[in-house]
Amino acid sequence: MQLAFFTQGGKVVTISKQAEFWRGVKDTLPLILGTVPFGIVFGALGVNGGLSPLATLSMSLFVYAGSSQFVAAGLVASGVGAGFIILTTLVVNLRHMLYAASLSPYVQSLGQRWLLPLGFSLTDETFAVVARRYPEADDSPYKHWYHLGSALAMYSNWQLSTVLGIAAGTQLQSIAAWGLDFAMVVTFVGIVVPLLVSRPLVVCALVASVVAVLTAGMPNKLGLLVAAGAGIAAGVAAEHWRAEPTLAQEAQA
Amino acid sequence: MNEWLLVVGMAIVTFAVRYPPLVLVGRVALPRAVLRALRYVPVAVLTAIIVPAVLLPEGAFTPISPHALASVVAGIVAWRTRQLLPTITAGMGLFLLLRMLANGA
Numbered sequence: 008m009q010l011a012f013f014t015q016g017g018k019v020v021t022i023s024k025q026a027e028f029w030r031g032v033k034d035t036l037p038l039i040l041g042t043v044p045f046g047i048v049f050g051a052l053g054v055n056g057g058l059s060p061l062a063t064l065s066m067s068l069f070v071y072a073g074s075s076q077f078v079a080a081g082l083v084a085s086g087v088g089a090g091f092i093i094l095t096t097l098v099v100n101l102r103h104m105l106y107a108a109s110l111s112p113y114v115q116s117l118g119q120r121w122l123l124p125l126g127f128s129l130t131d132e133t134f135a136v137v138a139r140r141y142p143e144a145d146d147s148p149y150k151h152w153y154h155l156g157s158a159l160a161m162y163s164n165w166q167l168s169t170v171l172g173i174a175a176g177t178q179l180q181s182i183a184a185w186g187l188d189f190a191m192v193v194t195f196v197g198i199v200v201p202l203l204v205s206r207p208l209v210v211c212a213l214v215a216s217v218v219a220v221l222t223a224g225m226p227n228k229l230g231l232l233v234a235a236g237a238g239i240a241a242g243v244a245a246e247h248w249r250a251e252p253t254l255a256q257e258a259q260a
Numbered sequence: 014m015n016e017w018l019l020v021v022g023m024a025i026v027t028f029a030v031r032y033p034p035l036v037l038v039g040r041v042a043l044p045r046a047v048l049r050a051l052r053y054v055p056v057a058v059l060t061a062i063i064v065p066a067v068l069l070p071e072g073a074f075t076p077i078s079p080h081a082l083a084s085v086v087a088g089i090v091a092w093r094t095r096q097l098l099p100t101i102t103a104g105m106g107l108f109l110l111l112r113m114l115a116n117g118a
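Going line by line, the protein sequences match chains C and A. Quick note: to get the working numbering, add 7 to the position in the first sequence (first position is 1). Quick note: to get the working numbering, add 13 to the position in the second sequence (first position is 1).
Treat the hints as calculated values from the structure; they're not laboratory data. Watch out, some of these pointers could steer you wrong.
[Said to hold, decoys possible] What follows is a list of derived Cβ distance ranges for each label pair:
{"#": "1", "chain 1": "C", "residue 1": "Leu61", "chain 2": "A", "residue 2": "Arg49", "range": "40 to 48 angstroms"}
{"#": "2", "chain 1": "A", "residue 1": "Gly117", "chain 2": "C", "residue 2": "Trp121", "range": "47 to 55 angstroms"}
{"#": "3", "chain 1": "C", "residue 1": "Trp121", "chain 2": "A", "residue 2": "Thr75", "range": "43 to 51 angstroms"}
[Claimed, not checked] To be clear about the criterion: a stretch of chain A counts as covered by chain C if any three or more of its residues have a C-beta under 8 angstroms from a C-beta of chain C, and this derived list gives those stretches:
{"#": "4", "segment": "41-52"}
{"#": "5", "segment": "91-100"}
For each residue, glycine too, the CB sits at the ideal point set by N, CA and C.
Sequences are here, hints too, so could you generate the full structure?
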């Protein structure tokens with residue numbers, strides 16, 4: 008077992024790769040609670056909507072992006088073409104670009120053996136967990152093991168709950184009636200609300216909300232893309248509005 | 014539709030937004046305008062997924078529902094604690110309770 012020594016608050020602390028790994032697993036457990044029902048619903052939606060059980064599981068294994076899989080399963084059920092679903096997937100998952108970009112400085116010393124799996128397995132949940140660990144003040148050299156622990160815990164849980172959903176799928180004709188899909192909503196609330204730390208971000212959320220409700224009737228979940236675009240534009244614009252009252256106040260003074 | 018084309022296409026575009034920025038951003042600078050817009054992407058996309066699911070649970074606008082009440086409580090818990098476990102527990106717990114009451118009544 009390899010150990011690293013580092014100081015934390017003046018004390019010498021030892022930490023092993025294994026300890027980091029299991030801490031990552033442990034800190035991810037609360038999020039697993041939110042994604043198990045979500046995975047079950049995805050598995051059931053996939054097979055009920057017209058995907059084969061193998062394609063449904065493959066989506067979890069190789070795409071591994073819950074919200075876009077969820078949207079895709081719904082679009083498959085309504086008979087939309089693959090090209091449009093892939094485009095929607097791209098837009099729904101664009102936020103991962105930001106996650107990856109903000110973690111990038113912490114993983115520059117790692118080789119491809121690490122970067123490929125860590126990049127592939129980046130989700131809202133793993134980002135929410137590791138984005139707290141990396142900036143912590145201790146200089147543990149094994150923080151990527153923590154990241155791996157979080158990613159593997161979430162990945163295995165996602166596969167397992169997808170399989171459960173596929174197995175239950177044919178029995179659960181109207182799984183939405185169970186309200187299990189609401190677990191995704193609550194998990195995302197827990198991720199979004201702490202992000203609303205500035206006025207432009209609040210403006211972005213408000214505009215995205217209003218536009219999403221107004222465009223909910225659009226076909227093919229197009230409203231999702233329109234609302235996200237409007238929210239981003241509003242957030243960027245709000246950064247400028249902020250400066251204006253100050254100028255006006257100065258002019259008055 | 015060819016479902017395998019769909020799975021492969023989705024896998025490629027998803028990997029394409031996750032992996033390259035993880036490797037490159039530490040080394041290559043993105044244009045400032047892109048970085049600025051990217052900052053709003055998670056909030057905009059997640060909100061656009063959540064809000065219709067909360068306010069239009071059955072497809073029609075329903076401002077008062079187990080979904081809406083549980084989401085408001087989850088939002089307050091998330092703001093106060095900044096922790097996911099209490100948020101999910103409070104939100105799901107209240108949601109299931111309200112549904113049980115609504116169905117029982």
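Hints, one by one, checked against the model:
| no. | hint | result |
| --- | --- | --- |
| 1 | Leu61(C) to Arg49(A): 40 to 48 angstroms | holds, 42 angstroms |
| 2 | Gly117(A) to Trp121(C): 47 to 55 angstroms | holds, 52 angstroms |
| 3 | Trp121(C) to Thr75(A): 43 to 51 angstroms | holds, 47 angstroms |
| 4 | 41-52 | holds (count 6) |
| 5 | 91-100 | holds (count 7) |
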